[in-house]
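Chemist: Here is how the chains run, residue by residue.
Protein chains: 4
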Amino acid sequence: MGQKIKLGMVGGGQGAFIGAVHRIASRIDDRYELVAGAFSSNPESALASGKGLGITDNRNYQNFQEMAEKESQREDKIDAVAIVTPNHMHHPIAMEFMNKGFHIICDKPLAMNLKQCEELVQASQSNNILFALTHNYTGYPMVRNAKAMCENGDIGNIRVIQAEYAQDWLTEDLENKNDSGGNKQASWRTDPAQSGGGGCIGDIGTHAFNLIRFITGLEPHEINAELTSFVSGRQLDDNAQISIRFQGGAKGTIWSSQVAPGNENHLMIRIYGDKGGLEWCQEDPNYLYYTPFGEAKRKITRGGAGSLQLANDVSRIPPGHPEGYLEGFANIYTEVADAIIDFNNGNYDPKKYLFPKVEDGLEGIRFIERSIASNASNSSWVNF
Amino acid sequence: MGQKIKLGMVGGGQGAFIGAVHRIASRIDDRYELVAGAFSSNPESALASGKGLGITDNRNYQNFQEMAEKESQREDKIDAVAIVTPNHMHHPIAMEFMNKGFHIICDKPLAMNLKQCEELVQASQSNNILFALTHNYTGYPMVRNAKAMCENGDIGNIRVIQAEYAQDWLTEDLENKNDSGGNKQASWRTDPAQSGGGGCIGDIGTHAFNLIRFITGLEPHEINAELTSFVSGRQLDDNAQISIRFQGGAKGTIWSSQVAPGNENHLMIRIYGDKGGLEWCQEDPNYLYYTPFGEAKRKITRGGAGSLQLANDVSRIPPGHPEGYLEGFANIYTEVADAIIDFNNGNYDPKKYLFPKVEDGLEGIRFIERSIASNASNSSWVNF
Amino acid sequence: MGQKIKLGMVGGGQGAFIGAVHRIASRIDDRYELVAGAFSSNPESALASGKGLGITDNRNYQNFQEMAEKESQREDKIDAVAIVTPNHMHHPIAMEFMNKGFHIICDKPLAMNLKQCEELVQASQSNNILFALTHNYTGYPMVRNAKAMCENGDIGNIRVIQAEYAQDWLTEDLENKNDSGGNKQASWRTDPAQSGGGGCIGDIGTHAFNLIRFITGLEPHEINAELTSFVSGRQLDDNAQISIRFQGGAKGTIWSSQVAPGNENHLMIRIYGDKGGLEWCQEDPNYLYYTPFGEAKRKITRGGAGSLQLANDVSRIPPGHPEGYLEGFANIYTEVADAIIDFNNGNYDPKKYLFPKVEDGLEGIRFIERSIASNASNSSWVNF
Amino acid sequence: MGQKIKLGMVGGGQGAFIGAVHRIASRIDDRYELVAGAFSSNPESALASGKGLGITDNRNYQNFQEMAEKESQREDKIDAVAIVTPNHMHHPIAMEFMNKGFHIICDKPLAMNLKQCEELVQASQSNNILFALTHNYTGYPMVRNAKAMCENGDIGNIRVIQAEYAQDWLTEDLENKNDSGGNKQASWRTDPAQSGGGGCIGDIGTHAFNLIRFITGLEPHEINAELTSFVSGRQLDDNAQISIRFQGGAKGTIWSSQVAPGNENHLMIRIYGDKGGLEWCQEDPNYLYYTPFGEAKRKITRGGAGSLQLANDVSRIPPGHPEGYLEGFANIYTEVADAIIDFNNGNYDPKKYLFPKVEDGLEGIRFIERSIASNASNSSWVNF
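Chains as they are written, first to last, in numbering that gives the first Met the number 0: chain A, 0 to 383; chain B, 0 to 383; chain C, 0 to 383; chain D, 0 to 383.
Pulled out of the complex, with its shape left as it was, chain A reads as follows:
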């Protein structure tokens, strides 16, 4: 087992969803120790949250600026900080910590706009920072299996990509229902000031977009987006239908929706080449369906026959014992731990690691911005 990484966290206090997920993900392979945090933008809530998480008082900070400052002065300073706040805070927090030399694990989408992204990329390079973005679905073993199969030519030249991420929790006007348990999550995700210009496209559409790039390695050439807010009064899109012309000639669509009753987290990607097809669904992530053209469809299971070494390397238990979302997320964290150790040993090679990086985050924001631009011009094609 490798050495433990000292982790700090900004955001993720009581009532937050994704902060708890990051913490579990960091624990699963026992590669992290959470030692410091500024867990809320509200100082009182921050301290209470940190106390509840067992953070010692002198590393339980009231705000991220104090945290960055004080941690940077400690001998036993954190190795990395996980940023799990609403989107609009990613940029200032990441800049602050990068300027102090800390590695970053940041939730997606990376920032509010391309300009911020470029500053983050720039700062990561100039400060020599390892910057991971938690597009966690890239951590699923069968997603990596699909990526390797594309690279191996198992499906030939890729022609068609159909990706979709559908949910139903915003079918009604949840953001204005004060009595709802989901209210807080709905409110910031539908508020342009906290989320940026993309609603469902930024919240989940970017995951689908990232997954396409991750698995196929293809980059968009032109994009066309139809964004809709179906719920009356909603400020951001809750349904997005997007077409992509990829460099090299492949064609793709992304459908992303938060108003599709019967869909919980239906993220699906289907990839068709001139030699075969691949199909994967996030809700049943241990299965990858592979059809070599002219042969019967095969169900490749995580760890089973047809599961490749790179997939098995990020598996913990035998086939038939399902791993899920948290294990996929943990794979990102564990890779980052390995990368930090390599970094500290002076032999960090980004190509060795599959976790998404700040540059992928920039592409994600470009996806959102170009989609909004297309939508604003009657959903015409725009360059990517």
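Think of the hints as simulated: they come from the structure by calculation, not from any bench.
From the three backbone atoms N, C-alpha and C, an ideal C-beta is built for every residue, glycine too.
A hint or two may mislead.
Quick list of the computed label-pair ranges, beta carbon to beta carbon [to be verified]:
#1 K3/B x G345/C: 34 to 44 Å
#2 Q246/D x Q234/C: 21 to 31 Å
#3 Q2/A x S71/D: 46 to 56 Å
#4 N41/D x E150/A: 55 to 65 Å
#5 K183/C x N343/B: 33 to 43 Å
#6 G51/D x E150/A: 52 to 62 Å
#7 D348/B x E43/C: 44 to 54 Å
#8 Q64/B x G152/C: 41 to 51 Å
Covered stretches of chain C, as calculated for chain A (at least 3 residues, CB under 8 Å) [unchecked claim]:
#9 277 to 283
#10 363 to 372
Position chains B, C and D relative to chain A; hints supplied.
Modeler: Okay, now just chains B, C and D, sitting in the frame of chain A:
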């Protein structure tokens, strides 16, 4: 049991696929008697085919003109003619028979272009002809169940429609492989002279389009189409990604492909409203998935709980004993038989019958033409 | 196309289920003409039913004895008779018609007891009768594919067989609910006088048993049965759990139930050998799952890759267009038509035809009787 | 968040499977600290394993006796010990630690025979020990949902239970293939000296048995077992077909196999009552299928509509983000942590906690022993 209809057929001779399907469909409920035909554009092949089908010699015709002429002069003339030729012959044949007063059962797509369609609509009206178009998927009981649920408001106001029809049989250049068994089917379907300007969009995309209109009752306002021919040298599209803005504000996409390995006849439609969602797949047609928003997903089975009367009316066997494609096709035929009897009795009411009609065929051709027009203008939005 | 067979029917009048199924099955491939019948044990109902089916008056009989007698004297006599009455009438009717030299198509189970079966076997041999039993599930193409794969050694030596046939329609006391639509079906099926000593084991368990024998070719050595009537007052079993030791060492179980809510016609068979496994479900009959040991599971589709010639020979439409129960049933009928023609031409070879025969019916009754015997001796093992 | 439990471990060193699972499970909710261990029966391997796990030298023991002795003398002694050795060591280790007052978390099956189990139950009572058995499948949220639904009467009086646990990894003679990666696991599991008299029935059949008892609350009255070793030379059963008569009249079967190609960890349970049915599969554990009799089948998802409070209490992430085997296992660990804290506070109430206990382990061994006894008397019924 109702009275038997005397049926003639044009096309559908030896080696054809869809003609045999029409014949089985006409037999399943014992409502038709096939008594005449001109089964091929090649006179010798026509006669041989008719002989093989047990047609008496004097009603086994060498060509459709002779058939229309001679049948019109018989006392025991046919009641209706089934047209199951390649697309380019639909119009001349239907015109010939309508002018002689025969009812028409025509395969889809209706014709080669809108102008032909308008003539057919016009001729059907002026000659008082009952004209059915075999968009057979409308005959599946669970498709009708979905239609009724939409009308009943079970899913509320419809917002999003995702339809797709994917196949893989044209992944390779089948039309130019002379040794292939599928060759004949591939050749005419990829030949503009026989199929019209649409390839996969006309062959299968129109089915998806028709299914949307049939189930939801929605009509398009604007359309946007990206048509691609992936196989080198292919003259018509083999992949189509289409967006639709419906009248009233719903949004939809249709993906249609014949180059998606692992898909045989994957026709799927998903419909989401503000109160619930419906999902149906042609390959597993006895199941309709229904999610009332906020409740668990339900699997409605043909004839089982939640299966409505209009669905049960077109079912023959109990739930759990699957009906398939031929039974759905037969439902169209049986309805047409009933309609002809009503017609002969002077009380035909087209609203009473759900089978697609010549006007639906016109909308299908409009769909193809507007898609081609959009594609020709860099896949921009065009009015429907 | 082959010559048409002249068919008569006994039973299957108004309100019956299986008679209509037989008639559709006989029509699908256009190989039969229904020309005579005695459609009910009630003479008035018999005549009314025959009239509704378009039978000419002089061949629309009041009872089966009259029918056998008069048909035997006609020049244009029927070739075969379909017996679709409740079980207790199979034997007398079949004997009557065999003695007059007619071929038999009989619904299952064959008779009320082994003694009757032996007489039927004997009579079929002495009268040189072609006797088909409609264990219709043997007509599904993918069932035949499984049979051929077992014979080909694709799964090696068979070790374990798990078969089950579960329904839920008798969960409540339907036979005594007079207002229920299912009442008539429930009443005779739960009445020992009409059904014999087996309830659910005879109605559906025999199907599972026949399927095992058909696919694997294995014969039982010993059997052990636990039969239960869960519904208070029910005279016959509504749940059966059976273990089988096969000749040669394979082991199997059959679970059969009519009180399992959520199961419509859940007939499933799973077969495991030392080289692979096969899994098939009647409710999704176009799919056969095959796992060569150590490889990924494959989904073989009817007519698709991996679908063998003998399966394709009994298919009508391409893969992805589902065929169902009626088509499977039709395959039995069509084979019988071919067999009768061979018979008439003097070259009938029973090995050429896969449809179940009177001898299989005898084994089915032996299965019921031995199960009842085991159950009566505290579910101990009995010889088969 | 509750207080952390100090955990020791016996077994689970390098190359072991289940030890690593226990460690991850203990970490997921951050309720445990692994502070001591004797990780192998081989002292060198034990020390190396502990070192790799970051155990401080003075608590990294060469054997379990030393560990029990020295830990019992520490001020900061462990709260509980996890026993993750092959089966034959469970009893001596648990006895040793219980006699020193330590709480126990023990892998299943509990021991080698009933006598050992009775001693363990006795020792746990006399020493006032909290003894948890990791029948981990009881930790899945949807399993608990099923249990609550049975208790709530949602399916009425239970009549029929069909449980099965099938694997395929022992299809070949893996225990004697020295070059195989699975060799070590296969060897001890097929060796009576290490596993006890049950092979697949003990390894996985007991899980199915425990699941029945856990969900339904039913206890067996009589049992009948057919155990087979299909692989030549194998000393223990690799396939088991078991029938159970439950107290109160329900009937059930368990099929357990390790020679069923195509099955990885196919643990499925189906429960049918007079008001409805429930169906759950371990490989897709986030779904519970529920059919109220006479209504459509519903797919209840973890955390979604129909998911009850007790299920949601052991969930970490929203519906549609799958949890898996490790999370279910973690639920057992987290409950035990809560139970130990209650225990230390003097208010431990075993009824409050659902994790399986030593008494359940005894029933599991009784199941194995009675199955072996039945099998030895020609698979006749024996009292439970």
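Chemist: Could you work out which earlier hints the structure fails to respect and list their numbers in ascending sequence?
Modeler: 3, 4, 6, 7, 8, 9, 10
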